[in-house]
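Chains as they are written, first to last, in our numbering: chain A, 1 to 214; chain B, 1001 to 1222.
Hint data in this document are derived by calculation from the structure and do not stem from the laboratory. None of these values were measured; they are calculated from a predicted model. Where hints are given, some of them may not hold.
As the list claims (entries may be wrong) - Between beta-carbon pairs, the in silico distance windows are:
# : chain 1 : residue 1 : chain 2 : residue 2 : range
1 : B       : 1181      : A       : 111       : 39 to 45 Å
2 : A       : 97        : B       : 1112      : 46 to 52 Å
3 : B       : 1040      : A       : 97        : 34 to 40 Å
4 : B       : 1112      : A       : 43        : 44 to 50 Å
To be verified - Here chain A is said to cover these stretches of chain B; the calculated rule only asks that three of the stretch's residues, wherever they fall, bring their Cβ under 8 Å from a Cβ of chain A:
# : stretch
5 : 1068-1074
6 : 1097-1106
7 : 1154-1163
8 : 1181-1191
9 : 1201-1212
Unchecked claim - Computed cross-link-like contacts, DMTMM-like style, restricted to lysine to aspartate or glutamate with a CA-CA straight-line distance of at most 25 Å:
#  : chain 1 : residue 1 : chain 2 : residue 2
10 : B       : 1112      : B       : 1074
11 : B       : 1112      : B       : 1077
12 : B       : 1109      : A       : 214
13 : B       : 1109      : B       : 1124
14 : A       : 94        : B       : 1044
15 : B       : 1148      : B       : 1055
We treat Cβ as the ideally placed atom computed from N, Cα and C, and that holds for glycine.
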Amino acid sequence: MKKVSKFAAFTLLLLTVAYCSAAEKPKTVPPANLVRGAIGPFNSNNEWENYSVVTLIPGASLIPVTSTQTVLYLGFSAGSEADLTNMVLYTTAKGSSTITAVTPVTLGSNSSPSIVLSNTSVCPTQPLSVTSVCIVRLDPTALVLSATNDYYFVVYFASTSNNGSIGAAQPTTNVSAIESWYAGNENYTTLTVGSSIPSNSFHTPDFLMYVMTD
Amino acid sequence: MKTKIASFVLLLLVATTFAVAQEAVGAPAHKAAPLTTVLSNLTEGAAGTPGNNVDWEGWSEIDEIPGASLFGVDSTDSYFTIGFSAGSTVNITSMVVYTTARANNVVTKVTKLNYLGKANPSIDLTSTTNCPNQPVSATNPCLIKLTKAAVEMVASNDYYFAIYFTSDSENNTMRGAGGSNQSGALTGWQIDGDDGLIPVGGTIPVGDAGAAPLFLMYLTNE
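Generate coordinates for the entire structure from the input sequences, incorporating the hints supplied.
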C-alpha cells in the first residue's frame, strides 16, 4: 500500500508540473501593423481650424494579421492643443464610395477630445517637430478590417484658435499605403450609411499614422 | 485494489500528457507536427533593377526600415541581406543597425552587424563561395546574407541600417544591386563619410528622399 501511495504522490507531482507548464503565460505578441503606415521623413502640415481630414485605408493594402480590433494612431508635429470635434471610421465596399457602416472613434471614450500636446504625459518628447512627432493612440474599435472593404478615417477639427497652430505629421515621400485629402469649412464626420464619401485628390496622409492590432 | 488504483493513476497521467502535448502544438494529437518556421520577409524588401552608382570608397549608405511597414512576423532575430551588381572585392569598415522610436530621429540603441563573424569584412565577389553565380552583374546580382542579428523588429520603433565602405580603390568599382526605382518599404540615402559611429542619443542624419536603397535588399526572419 505504501508503494501505491508513493506512486500516486509522484504521479500527482508530475501532473502538477505538467499543468503548470501548460498554464504558463504565452509570449506577449507586440502590436502589429494592419497596413503599411505613415513613413518618414515628415513635413509639418499646419493650420487645421475648421478642417476635415479624410484618410483612405485601402482594403487592398491590408496585411493578413489576425486581429479582433483596430487601433488608430494620430501624429502631431506642432501645436500645444488639438481640439477635435469628431472622429469616425466609414466602411465601404472595396472601390466604392457608398458608406455601408459608420464606426465612432474615440480617445478616452470621448469622440470630441481636446488633446493637450504640450503635456509630457501625452507627448513625452517636447517640443514637437517633424523629427519628434507626438504619436497619440486612439481607443481600440471593435471593427475588424476586411480586405473586401475600404475604410475612411475622418477627423474634423473645430474652429478654434488652438487648431490654427497644430501641425499634422505628413510623410514627404509616397511610401505609405494610406493617403489623405482635406477640406475646409466642412464637417465630413456626419455622413450616414448610404451616402457617399466625397471625392477629392489624395496625397500622403495627414495625422493618421498607423493602423494596428493594438 | 492496489492494481486498480495504480492503473487509474497511470491512465490519468497518460491522458494529461496527451492533453498537454496537444495544447502545446495547437493541433489535434493525431495531426501533431513539430513547430517549424519558414523564411519570411519582415518587411517589403527591394525590387527592380540596379542603379548605376559607383565610387563608394569612404561613403556610407543609410537605409530606413520603418516600423510602420513591418508585417508582424514573430521573430526575435533579423537577417539583413545586402546586394552587389558589380566589382571584385568589397571592403566594409562597419555595419550597424540604429533603433529609434518611430517618427523620431534620436538613436536609442546601436546593434553591430557582421558577416561570418567579421564586423569589417572584405567580401570577394569573384568567389563562388560568396557569390555562387558568376560573373556578378546587374542581371545576376550577388546577395550576401549577413550573420544573424539579435534585433527583434517591433512596429513601435523605426530602424536604420548603416554600412560604411572603406576608403580604398577596390570600393571604386563595386555597385549595389538596388536603386533604380522605389517599389518596397525601404528607403536609402548616401553620405560621404562614416555614419556607422552614431552613439545612443545621437541623431539620424538627414537626406532620406524616398529613394530605394542601393545595398540593403531584404530583411528576413531567417
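For this structure, which hints from the list above don't hold up?
-> The structure breaks hints 4, 13, 15; every other hint is satisfied.
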